[in-house]
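When we follow the working numbering, the leftmost residue of the sequence shown carries the number 90, and every step to the right adds one.
There could be a bad hint or two in this list.
[Claimed, not checked] Label pairs and their calculated CB-CB ranges:
#  : residue 1 : residue 2 : range
1  : Gly119    : Leu227    : 39 to 49 Å
2  : Asn98     : Asp146    : 16 to 26 Å
3  : Glu220    : Asp195    : 35 to 45 Å
4  : Asp146    : Arg196    : 36 to 46 Å
5  : Val135    : Asp160    : 34 to 44 Å
6  : His213    : Glu164    : 20 to 30 Å
7  : Ala224    : Asp146    : 17 to 27 Å
8  : Thr221    : Glu164    : 10 to 20 Å
9  : His139    : Gly181    : 39 to 49 Å
10 : Ala212    : Arg109    : 32 to 42 Å
Simulated from the structure, these hints should not be mistaken for laboratory data. We put the beta carbon where it would ideally sit given N, CA and C, even for glycine.
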Amino acid sequence: MTDTPDLTNPASFRFWWEERVRFADLDALGHVNNNAIGVYFEQTRVALLHDAGGFRDDSPWTVVVARTVVDYKAELLYPNTVRVGARLLRLGNTSLTLGCGIFLGDRCIATQEVVAVIVDKAAHRPTPIPETLRAKLLEA
């Protein structure tokens with residue numbers, strides 16, 4: 090994972106999630122609020138990690154966000170449906186970095202890089218990324 094992909098390019102992603110813009114997502118100016126953008130990214134991240142085996146009730150580990158950076162590129166209005174792409178950028182021992190992009194057609198609305206840590210639920214401490222999760226993330 091040494092090449093830095095262009096998160097503003099839809100071709101950089103294999104995993105996709107669709108989000109419908111809700112009226113409740115709007116600010117006083119009629120734009121989608123930055124908090125709603127964060128929720129779109131979160132839903133996509135959770136879907137990707139769930140598909141890879143995370144966020145299961147019987148799992149001894151969970152995923153905790155340690156850092157997130159969002160770059161806003163264009164306004165988003167209601168009504169619309171956006172596609173959110175997600176991909177692995179870095180895979181460490183106990184943490185991973187995902188890159189995401191929100192797209193209206195081919196136009197990038199926002200990008201995000203997020204560092205997440207795998208945490209043992211009982212100990213509340215970082216734990217090595219399980220091999221099954223590691224393998225599935227490398228496919229994403």
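Quick rundown of the hints versus the structure:
1. Distance hint for glycine 119 and leucine 227: a CB-CB separation of about 41 Å, consistent with the stated range 39 to 49 Å.
2. Remark: the range hint 16 to 26 Å for asparagine 98 to aspartate 146 is contradicted by a beta-carbon distance near 36 Å.
3. The supplied range of 35 to 45 Å is met by glutamate 220 and aspartate 195, whose beta-carbon atoms lie about 36 Å from each other.
4. Taking 36 to 46 Å as the suggested C-beta distance range, the pair aspartate 146 and arginine 196 conforms, at roughly 38 Å.
5. For the hinted restraint 34 to 44 Å between valine 135 and aspartate 160, the CB-CB distance of approximately 21 Å leaves it violated.
6. For the hinted restraint 20 to 30 Å between histidine 213 and glutamate 164, the CB-CB distance of approximately 40 Å leaves it violated.
7. Against the hinted window of 17 to 27 Å, the Cβ-Cβ separation of alanine 224 and aspartate 146 comes to about 22 Å, which satisfies the hint.
8. Taken as a hint, the range 10 to 20 Å is violated for the pair threonine 221 and glutamate 164, whose Cβ atoms sit roughly 40 Å apart.
9. Between histidine 139 and glycine 181 the beta carbon distance is about 20 Å. The supplied range of 39 to 49 Å is therefore violated.
10. Restraint check, alanine 212 to arginine 109: a C-beta distance of roughly 39 Å satisfies the suggested window 32 to 42 Å.
Going down the numbered hints, you'll see the structure goes against 2, 5, 6, 8, 9, while the others check out.
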